[in-house]
Every structure is written in structure tokens, then in C-alpha cells.
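Residue strings, one per chain:
There are 4 protein chains.
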Amino acid sequence: MDAIGRKRWAIAEGYIPSQSSFSDRALVSHETACILNAGDRDAHVVITIFYADREPIGPYRVTVSARRTLHLRFNDLEDPHPIPRDTDCASVFESDVAIVVQHTRLDSRRCEVSLMSTTAYAEA
Amino acid sequence: MDAIGRKRWAIAEGYIPSQSSFSDRALVSHETACILNAGDRDAHVVITIFYADREPIGPYRVTVSARRTLHLRFNDLEDPHPIPRDTDCASVFESDVAIVVQHTRLDSRRCEVSLMSTTAYAEA
Amino acid sequence: MDAIGRKRWAIAEGYIPSQSSFSDRALVSHETACILNAGDRDAHVVITIFYADREPIGPYRVTVSARRTLHLRFNDLEDPHPIPRDTDCASVFESDVAIVVQHTRLDSRRCEVSLMSTTAYAEA
Amino acid sequence: MDAIGRKRWAIAEGYIPSQSSFSDRALVSHETACILNAGDRDAHVVITIFYADREPIGPYRVTVSARRTLHLRFNDLEDPHPIPRDTDCASVFESDVAIVVQHTRLDSRRCEVSLMSTTAYAEA
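If you read the protein sequences in the order shown, they are chains C, R, G and E. With this note's numbering, you'll find the first sequence wraps up at 124, consecutive numbering, no jumps. With this note's numbering, you'll find the second sequence wraps up at 124, consecutive numbering, no jumps. With this note's numbering, you'll find the third sequence wraps up at 124, consecutive numbering, no jumps. With this note's numbering, you'll find the fourth sequence wraps up at 124, consecutive numbering, no jumps.
Just chain C, with the same shape it has in the complex:
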């Protein structure tokens, strides 16, 4: 399939609640960047995390193989530094091939699950 998407994406919202009502991984509070690489070349993606009151941290590097999707939990990012909980942040994704990025939060601070999602901002 022809590649679809853009190479630079931004998610201005970011916030990982430290609290969850569940220990099941599926229902733990998390923020996710769903990345689709529909094309035939692996995507090497560099992520930078921005904060309100300190310099950005990065690069975080992930590879999304050709014809695969990666639902990347910000909770799981460790290198060069874990993302602090309960902290406002934002993110930029820079890929060497066209990808699509969609942002989702599952929030289970309360005992019911709440969801939000949006296609991220794209350019180039």
C-alpha cells in the first residue's frame, strides 16, 4: 500500500494521571500515541516531550515497522527519562517516512473509565 500521512506531528495535550482504579494494564490510566505506518518502509520516529517549566526531553526513539501500527503508551517511555505523572506535557513526533498519529487518553482515576481521542496536528 502507498504510504499515508505526514512526517511531523504534534500533540499539545499530555497528562498521565498517577492514580488508577484498576491494576489491569488495559484499564490503568494511560496516554497513548497510536502510530500507523501503512507504507513499505520502516518508520524511525523521534519523540520530544515538552513541559511547562523545564527544557524539552528527548530524543525518545521508536521504530514502527512497515505495515504495522504501534500504540505507544507514554507511560512506558523510559529512555532518556520516564514521563512524570500528574504533569502537563506535550509531544512532537518526527518520522523519516509518512505516518499517522492519533492521541488517546484512558483515565481511570475514578472507578469508571473515561476516554478521549483526537487525530494529532500534522504537517510536512
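Among the hints, erroneous ones may be present.
Note: identical chains are not told apart, hence a pair may lie in one copy or across any two.
Computed cross-link-like contacts, DMTMM-like style, restricted to lysine to aspartate or glutamate with a CA-CA straight-line distance of at most 25 Å [claimed, not checked]:
hint	residue 1	residue 2
1	K7	D96
2	K7	D79
3	K7	D53
4	K7	E123
The set of hints was computed from the structure by calculation and includes no laboratory data. Since we're looking at a predicted model, the values are computed, not measured.
Dock chains R, G and E against chain C, hints included.
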């Protein structure tokens, strides 16, 4: 009415919960691609589903008649293969005429309903 | 202020739940098209509603005055025909001046409120 | 990093519930404009708030420093005038450098939290 939309769309998020708190079809956990074909020619849409760890599966074929909307539940896709539950996926839609695609999940794993929605990513 | 936005918008998702857990207007299940007319000329907006299995219905006509926002509930549309509840639909907005359209659902079928929102699809 | 984004953004939806089930700032009902300034120059942002039945109010001025994100709660805007609760509104953001704006509401009128989010409308 003049057609509105684009011919290629992508939804990077996809996840059908296997659990639901209800048996009513309206409240069973589901993911939907709402497709609008506002124009005067039928839209022949080819859908490909992408996964984290296996080759994409498709084509799934749907027709959206002229001047109609189809709210397609991924839960209902059967041919060539049902979409597995509790599995990260993503999707690309390729149409022969301009359409609009909006992505929605209704999640009733817990006993309250949670919703999310976003206009999908479009190009061409 | 200079106008901002586009003249044609589409919302592929549409569904007004017939059930609500509350009688307070703010918490009755509803779908809204939030329309912003930031410019200095009134916006005359023509809305067409699309269905799965019947011809589109319209025109519904609304005016959004210069420098005003209108949060239009689909529940309130009456002329030429009320929108049926529990029915899949979609909508196209055509304006004579640039506007911005954002789609929101508040769903209170269950006793907790669930929300979703997305910037609609724009062109022209 | 190269700047990413646009200079003019609009959020057609706006509504701050007056009620909350919690007093914890994180869970008080709020609407947020998440602003990312990924570039190397401070962003001077002018915000105008639009209403259904009165003239727009502004300018509200905020600065987002270079390489920072600001998750701006509409609840906190005070000058030239606080945003009334339980009132339909909309907003336009005009920046002197490229930024990205994402809109989020956390709604805790009921005792569970509900979330919605969307990338705002961008141009220029």
C-alpha cells in the same frame, strides 16, 4: 449536493474491548467508522486493517450509496476475517469517490458508557 | 477580526440517544454543532442531514450573527423535519462566509455523563 | 527544533460547568486550551472569547515561552473579564509564531469524570 471529503483516510487507533456491561446492541462496546457519502455516486470503499505484530488484513469491501451515511462497526466485519477483540489495530479507507470518515468508540467495559470520537486523517 | 474557517463542513457521526438519565436541559442526551462566526458578516448556514436508508433531509437554515457563536443542538431542529432519535445520521454545513464547526455529544443514557468532541471536516 | 503549527486557531466549543463533584483542582470541571510552542522564540498569544448573545471579549494575553507547553484553563482567565460558567462560548487564538492548540474538557458535574479532546481548527 457536490461531493465533500477525500478519498484516503486513516484511523491510527483501533481497539474493540471484548467486555461489555450490556447486551443491548446500542451499548455493547464497539468501534465505529462513520462514513458519509454526500455525493451523487456510490462510494466503493476498501478497508485494510493493520496490526502490531502481523501483516495487514484486507481488503474488506463496503459500499456507501450515494447521499447516504454508513456507521460501520468494526465488530461486524467478517470477510476476509473478523477483527480480534482486545487487540491494537489501525485502519485505512480507500474510496473511489470523496467521502468523510469519523472514528468513534463506545466503551462499556465498566457499567457506565464512555465515548470518544475524532475526524480521521484525510489525504488525496 | 478577520474571519476564520471554511465554508463547507461535514460531521460523519450523528446519533441522538432517546434516553437520558436527567431532565435538566444541560444534561439531557444531545448532539451539538458548535458554530463560530468570528467575522464581521452574518453567516447564513444551510444544513443537510444524511441517513443510512433514506434520502437526505433539508435544508435546515440557521443564521449565526457576526462575531457570535451558536451551539446548535440537533435535538432542536424542527423544520423541515425533527431528527429522529436512536438513528444513525450525518450532516453537511454550507455557509456563505467562513465559519468553524465542532461536533460534540453529551450522552446520559447511563446515569453518568459521557462526552465526545471533534473539530469537523472542512473544505473550501 | 523547528517550530511546528500555525498562527491562528479556533475552538468553536466552549462551556465551563459551574458544578463539580470534587474540590481537588485536578478534578474540578474545566476547559483547557493546551498550547505547544516547540520553536525557539516566545509565542505572544492573543485570545478572544465569543458568545451567543453579546460582543466578543478580549484581548486575553498569554505568553508561551520557547520550547514550552502551556495548558491554559479558561477557568483561570481573569483579565479583561472572567469567563462566565454554564455559558456557551468559543475562542480564537492569534500568535506571532507557530503554535499547536488542542482543546480538552474535564467534566465532573456527575461524580465520575468525563473527558473530551480535539485538535483545534488551524489556519495561516
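Item to check | Non-conforming hints, listed in increasing numerical order | outcome: No hint contradicted; all consistent.
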